[in-house]
Each structure stands twice: as structure tokens, then as C-alpha cells.
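Q: Residues per chain, in single letters:
Number of protein chains: 2
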Amino acid sequence: MELLKKKIMEVGRVEAGGVLKVDSFLNHQLDIELLNEVGKEFKKRFEGKKVTKILTAEVSGIAIAVLAGQYFNVPVVFAKKTESKNLDKDTFQGEVYSYTKEKHYKIRVSKRYLDSSDHVLIIDDFLANGQALLGLKQIVDEAKAQLVGAGIVIEKGFQKGGQLAKEANIHVESLAIISSMEDGKISFKEPSQE
Amino acid sequence: MELLKKKIMEVGRVEAGGVLKVDSFLNHQLDIELLNEVGKEFKKRFEGKKVTKILTAEVSGIAIAVLAGQYFNVPVVFAKKTESKNLDKDTFQGEVYSYTKEKHYKIRVSKRYLDSSDHVLIIDDFLANGQALLGLKQIVDEAKAQLVGAGIVIEKGFQKGGQLAKEANIHVESLAIISSMEDGKISFKEPSQE
Numbered sequence: 001m002e003l004l005k006k007k008i009m010e011v012g013r014v015e016a017g018g019v020l021k022v023d024s025f026l027n028h029q030l031d032i033e034l035l036n037e038v039g040k041e042f043k044k045r046f047e048g049k050k051v052t053k054i055l056t057a058e059v060s061g062i063a064i065a066v067l068a069g070q071y072f073n074v075p076v077v078f079a080k081k082t083e084s085k086n087l088d089k090d091t092f093q094g095e096v097y098s099y100t101k102e103k104h105y106k107i108r109v110s111k112r113y114l115d116s117s118d119h120v121l122i123i124d125d126f127l128a129n130g131q132a133l134l135g136l137k138q139i140v141d142e143a144k145a146q147l148v149g150a151g152i153v154i155e156k157g158f159q160k161g162g163q164l165a166k167e168a169n170i171h172v173e174s175l176a177i178i179s180s181m182e183d184g185k186i187s188f189k190e191p192s193q194e
Numbered sequence: 001m002e003l004l005k006k007k008i009m010e011v012g013r014v015e016a017g018g019v020l021k022v023d024s025f026l027n028h029q030l031d032i033e034l035l036n037e038v039g040k041e042f043k044k045r046f047e048g049k050k051v052t053k054i055l056t057a058e059v060s061g062i063a064i065a066v067l068a069g070q071y072f073n074v075p076v077v078f079a080k081k082t083e084s085k086n087l088d089k090d091t092f093q094g095e096v097y098s099y100t101k102e103k104h105y106k107i108r109v110s111k112r113y114l115d116s117s118d119h120v121l122i123i124d125d126f127l128a129n130g131q132a133l134l135g136l137k138q139i140v141d142e143a144k145a146q147l148v149g150a151g152i153v154i155e156k157g158f159q160k161g162g163q164l165a166k167e168a169n170i171h172v173e174s175l176a177i178i179s180s181m182e183d184g185k186i187s188f189k190e191p192s193q194e
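Protein chains in written order, with UniProt numbering: chain A, 1 to 194; chain B, 1 to 194.
You may find that some hints are simply not true.
Copies of one chain are not kept apart here, so a pair can be met inside one copy or by any two copies together.
In silico SDA-like pairs for lysine to any residue, Cα to Cα no more than 25 Å straight-line [stated by the list, open to error]:
hint, residue 1, residue 2
1, K44, K103
2, K101, F46
3, K101, M1
4, K5, L34
5, K81, R108
6, K160, Q70
7, K189, V74
8, K5, N86
9, K21, D88
10, K81, Q159
Derived from the structure by calculation, the hints contain no laboratory data.
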């Protein structure tokens with residue numbers, strides 16, 4: 001998606017530890033106009049697929065999932081990372097390993113909001129190590145729902161998430177695939193390689 | 001807002017400890033169509049006011065703020081609750097007291113995304129004790145930005161947040177004001193009392 005890649009080139013900053021900062025439009029300040037285009041693009045990429053629910057994980061997946069939800073005309077459910085008295089006791093759970101924090105944590109969705117009749121599209125901001133995506137897939141599987149695929153805004157193509165998703169048979173559509181961030185220079189995979 | 005009150009009456013559940021569960025449409029599963037109407041209503045309530053930015057706090061303010069952002073045509077910024085390597089070091093901070101957890105925590109916005117030229121509309125899902133709202137106001141004040149007001153989806157009118165906001169000179173527009181949840185029965189303030 002050219003508009004998105006252009007934005008990443010303009011404002012994305014590569015920081016120590018291989019962090020790509022895109023907080024001016026994607027995960028702190030939100031560029032609603034651009035993220036609306038992202039939502040439309042997801043609709044186009046999954047055209048013709050039956051989707052009854054969009055699933056994402058808090059926090060930074062929510063904005064994109066909600067804007068995309070408008071084009072799919074379906075409810076959005078976000079998995080919660082924290083145990084909270086506001087969350088039902090009866091949940092589907094996924095386990096996520098955080099490389100940053102070097103520990104596992106759980107993400108949870110109340111059993112009220114997913115069931116075996118659902119066709120679920122996962123939407124998230126990043127695909128890097130693939131751990132969040134696999135945790136979300138676990139929730140879909142636990143609910144015995146159908147996983148339609150995953151719409152990803154930015155995939156770090158040089159990390160293993162894409163490969164893990166392929167092995168798990170997840171149809172991934174990434175709108176921008178970064179092939180390298182070496183020396184602070186962001187390069188994208190050519191569309192023919194995507 | 002009648003549509004919203006109707007939804008709360010239909011699906012809201014009053015639980016132990018005075019918790020109003022509206023997670024079927026507002027803070028776990030998200031009813032995008034309804035929340036879009038909420039966004040439009042905020043636009044109507046603040047018609048004619050200059051707004052350059054919408055500010056909310058993670059997690060459950062994000063969905064509403066993003067959908068509302070479409071009607072105001074401005075970027076949305078969400079304050080972060082957790083220190084993260086993805087957040088700039090240089091931040092505006094607000095202090096929030098959590099009655100549930102009985103402790104203070106900080107919410108933060110990078111100084112890149114608010115400044116003294118901004119006219120800020122705060123949007124949040126709930127107004128109860130008013131602590132989150134006052135923390136967000138602190139951030140706006142620190143940035144020396146103009147606070148336009150606060151758009152709230154559900155106000156618990158029997159808690160002190162509304163009064164505190166009035167004392168702090170914040171123009172609050174709440175789309176549904178609950179006057180009582182005694183014995184599990186939800187009552188709203190009459191529009192004339194709002």
C-alpha cells in the first residue's frame with residue numbers, strides 16, 4: 001500500500017534495538033484519515049471472504065480494527081492483556097511470549113463474544129515475531145471459530161512472524177513489508193516479492 | 001442520547017461493587033455502528049467549537065475517540081498508562097488515582113503530539129470518580145493547550161466526577177447520565193436534569 005509506505009518513510013524512525021517508531025500515526029497519535037484508508041485496503045484484500053467478527057489485541061490494534069470494522073460491517077472484539085474485574089471469568093485464552101519482557105503473558109476474550117459460528121478476521125498493527133498473532137489464533141481455535149486470515153499494517157519481513165504464520169496456515173495480508181532496517185534505513189519488499 | 005440509553009438498558013449488567021458491565025458494545029466487544037453514532041453526537045454537542053486534537057486514555061477510550069475523530073477531522077492521541085520503550089522520554093504527565101487498585105498511576109503523552117497551539121477535546125468511555133478526566137486535563141494544562149471540553153459516553157451521575165469536572169471548569173457533555181443503579185436497576189437522569 002503505497003500511501004502507507006510513503007508515510008513510514010516520511011515519519012518512521014528506527015531506534016536502538018530494532019524498534020521502528022511510527023507513533024506519529026499508528027500507535028500513540030493516530031492519523032485517522034490514513035488509518036481509514038488502511039481499513040478500506042483490508043476490506044479489498046479480503047474481498048469476497050465471509051467475515052462475522054474482527055479480533056485484535058489491546059492496545060495498539062484497536063484503532064485500526066475499529067476503523068476497518070466500518071467497512072466489514074461487523075463487531076470488533078479486542079483481547080485483553082490484563083486480568084480485570086471487568087472481564088468475565090469464562091474466557092478463551094491465548095498465550096503470548098514477549099521477547100522484550102522475556103516472559104509469557106495471557107490474552108483473553110470473554111466466551112460471550114466468540115463462538116463456533118464466527119468467521120474471524122484478525123487485525124493488528126505489527127507482525128514481527130508472530131507471537132501475538134499465534135496467541136490470537138489460539139483464541140479463535142479455542143472458540144472453534146473459523147479463522148479467515150490476518151490483516152497486518154506493518155510486517156517486519158526480516159523477523160520470523162511471517163514464516164510462523166505460513167506454517168500455521170494463516171492467510172496473512174501485510175500492507176507494508178519491511179525487508180531491512182539496517183543502519184537506520186528502511187527498505188520495503190518489492191510488491192512482486194510480497 | 002436515546003439510542004445509547006436504550007442499548008444500556010438492553011444489555012448493561014449491574015454487578016457486585018457497582019460495576020456497570022457494557023462490554024458487549026463499549027469496552028470489550030465494540031458495536032461499531034452505535035459507536036459511530038456516539039462519535040457523530042459528540043460532533044453535534046461541540047458544534048462550532050475549534051478542535052485541533054482529540055485526547056483519550058488507553059485502553060477503552062480509544063475506539064470511541066477514533067470513530068469521533070472522523071467527524072472532527074483531527075488526529076487522536078491516546079495517553080499511555082504503561083512505561084514502554086516505545087514511548088518517548090520527554091512526556092506530559094497526568095496523575096490518576098485508581099479507587100479500584102487503591103493507588104496512583106501516571107498517564108503520559110509524548111511532547112511531540114501536543115502543544116500550546118492545540119485545542120483539545122477529551123473523549124472517554126466513563127466518567128465516575130473523575131480521576132482519569134482530571135489526569136487528562138493535567139496533560140492538556142502541562143502542554144499549555146486549550147481544553148475545549150470532555151465528551152463522555154456514560155456518566156455515573158451518582159459519583160463525584162461530574163461535580164469535580166464542574167469545579168475544574170471543564171465543559172462536560174455526557175451522552176447518558178445514570179442517576180442510580182440500586183438493586184441492579186439502571187435509571188437515567190431525565191434530559192431536563194442533564
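Q: Now tell me if each hint is right for this structure.
A: Going down the list of hints, with the structure as the test:
1. K44 x K103: Neither, since 36 Å and 46 Å both go past 25 Å.
2. K101 x F46: Classified as neither; 33 Å inside a copy, 42 Å across copies.
3. K101 x M1: neither (31 Å within a copy, 43 Å between copies)
4. K5 x L34: Within one copy, since 11 Å is at most 25 Å while 32 Å is not.
5. K81 x R108: Classified as both; 7 Å inside a copy, 19 Å across copies.
6. K160 x Q70: neither (31 Å within a copy, 35 Å between copies)
7. K189 x V74: Intra 31 Å, inter 31 Å, cutoff 25 Å: neither.
8. K5 x N86: Answer is between: at 20 Å across copies they meet the 25 Å cutoff, but 38 Å inside does not.
9. K21 x D88: between (34 Å within a copy, 10 Å between copies)
10. K81 x Q159: within (23 Å within a copy, 28 Å between copies)
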